[in-house]
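J.: In case you want the letters, here they are:
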Amino acid sequence: MVETSDYVALSFILFAIGVVGVMVRRNLLTVLMSIELILNAVNINLVAFSRELGDLGGQLFAIFVITVAAGEAAIGLAIIIALYRLKGSVNLDDASELKG
Amino acid sequence: MGGATFLFWILATAAVVGAVGVVAFRQPIHSALSLLVCLLAVAGIFVLNHAEFLFAVQVLVYTGGIMVLFLFTIMLVNIRRQAQEPFLHTRAAGALLIGVLFFAIIGSAVVGDMRRQTGEELREPADASALTTTVIKEKVRGEMRETTVMGNSQAVSWSLYRDYLIPFEVASIFLLVAMIGAVVLGKRTMERID
Numbered sequence: 001m002v003e004t005s006d007y008v009a010l011s012f013i014l015f016a017i018g019v020v021g022v023m024v025r026r027n028l029l030t031v032l033m034s035i036e037l038i039l040n041a042v043n044i045n046l047v048a049f050s051r052e053l054g055d056l057g058g059q060l061f062a063i064f065v066i067t068v069a070a071g072e073a074a075i076g077l078a079i080i081i082a083l084y085r086l087k088g089s090v091n092l093d094d095a096s097e098l099k100g
Numbered sequence: 001m002g003g004a005t006f007l008f009w010i011l012a013t014a015a016v017v018g019a020v021g022v023v024a025f026r027q028p029i030h031s032a033l034s035l036l037v038c039l040l041a042v043a044g045i046f047v048l049n050h051a052e053f054l055f056a057v058q059v060l061v062y063t064g065g066i067m068v069l070f071l072f073t074i075m076l077v078n079i080r081r082q083a084q085e086p087f088l089h090t091r092a093a094g095a096l097l098i099g100v101l102f103f104a105i106i107g108s109a110v111v112g113d114m115r116r117q118t119g120e121e122l123r124e125p126a127d128a129s130a131l132t133t134t135v136i137k138e139k140v141r142g143e144m145r146e147t148t149v150m151g152n153s154q155a156v157s158w159s160l161y162r163d164y165l166i167p168f169e170v171a172s173i174f175l176l177v178a179m180i181g182a183v184v185l186g187k188r189t190m191e192r193i194d
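Chains A and B, in that order, give the protein sequences. Under this note's numbering, the residues of the first sequence are numbered 1 to 100, in order. Under this note's numbering, the residues of the second sequence are numbered 1 to 194, in order.
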């Protein structure tokens, strides 16, 4: 029997890996992929608790999270392409204009 | 060990391995394929939780739409040149430390909660029938009539168009704005500043 806490543990592991990816990598594409990972971890939580409580609300929220993830990926990748045109690189360390 | 439990551990392992691959692979294209594995495993976990509609959405939107978008972007930007450069952030050690700290804090919370749950307060999971059936109450010629509709997709769509109609419309506006924004950002040509 798979408990809800197992799903929560899996979700937490994926979330932590995503957070580490966002902070450690310097390729913007990989950073964006790590953000998708974080959103997926949240979806696992929502769906697992929807099953636990017998309530559809969690699944609907997961649908909205997927919607936001799709929009975020489209905008993020457009920004990456704009940055690549501007800098000729998708490296985070090269985009340091706002550094004090 | 039941079939569902076995399947869960297989899918969980695939998801975690895929997630580690996203962060660990040097080339973005390898990361993207690794992310694909992770997303498909997560889709399988949705099926285990009676979320069949969400499984279809995950496969169509994530692995069909978002991953193709990622692969196109990887194709458009020049990644060959970056293969020689160091792929970690300049402050990777500090970031990794913060990540491990974060892992420890939430992990201890999750493990502590699990330990608490294994006591006598472990209860039966709720009835899953609410996820697969919907009761529609409607007034037909003056009298109330109840219809029961089976299936997860039907349940999700009834709930989406009845209880969550305004968020649904807001999501459509959001997608329109995101589409226009992506086109504007992608089309505009900027002069190089350095």
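Watch out, some of these pointers could steer you wrong.
[As the list claims (entries may be wrong)] Cβ pair distances, simulated, as ranges: (1) Lys87/A / Phe174/B: 39 to 47 Å; (2) Thr148/B / Val65/A: 22 to 30 Å; (3) Ala4/B / Leu98/A: 28 to 36 Å; (4) Leu98/A / Thr13/B: 36 to 44 Å; (5) Val68/A / Val149/B: 51 to 59 Å; (6) Gly54/A / Arg145/B: 53 to 61 Å; (7) Met1/A / Ser172/B: 34 to 42 Å; (8) Glu72/A / Thr148/B: 23 to 31 Å; (9) Gly88/A / Asp127/B: 55 to 63 Å.
[As the list claims (entries may be wrong)] Negatives, chain B to chain A, calculated, CB over 12 Å: (10) Val61; (11) Asp127; (12) Ala128; (13) Ser129; (14) Lys137; (15) Glu138; (16) Lys139; (17) Arg145; (18) Glu146; (19) Thr148; (20) Met150; (21) Met179; (22) Lys187.
Since the hints were derived computationally from the structure, they do not count as laboratory data. Bear in mind that the values here come from a model prediction, so they are computed numbers and not experimental data. We put the beta carbon where it would ideally sit given N, CA and C, even for glycine.
J.: Looking at the structure, which of the earlier hints fail to hold?
T.: Hints 1, 3, 5, 6, 8, 10, 11, 12, 13, 21, 22 are the ones this structure does not satisfy, whereas the remaining hints hold.
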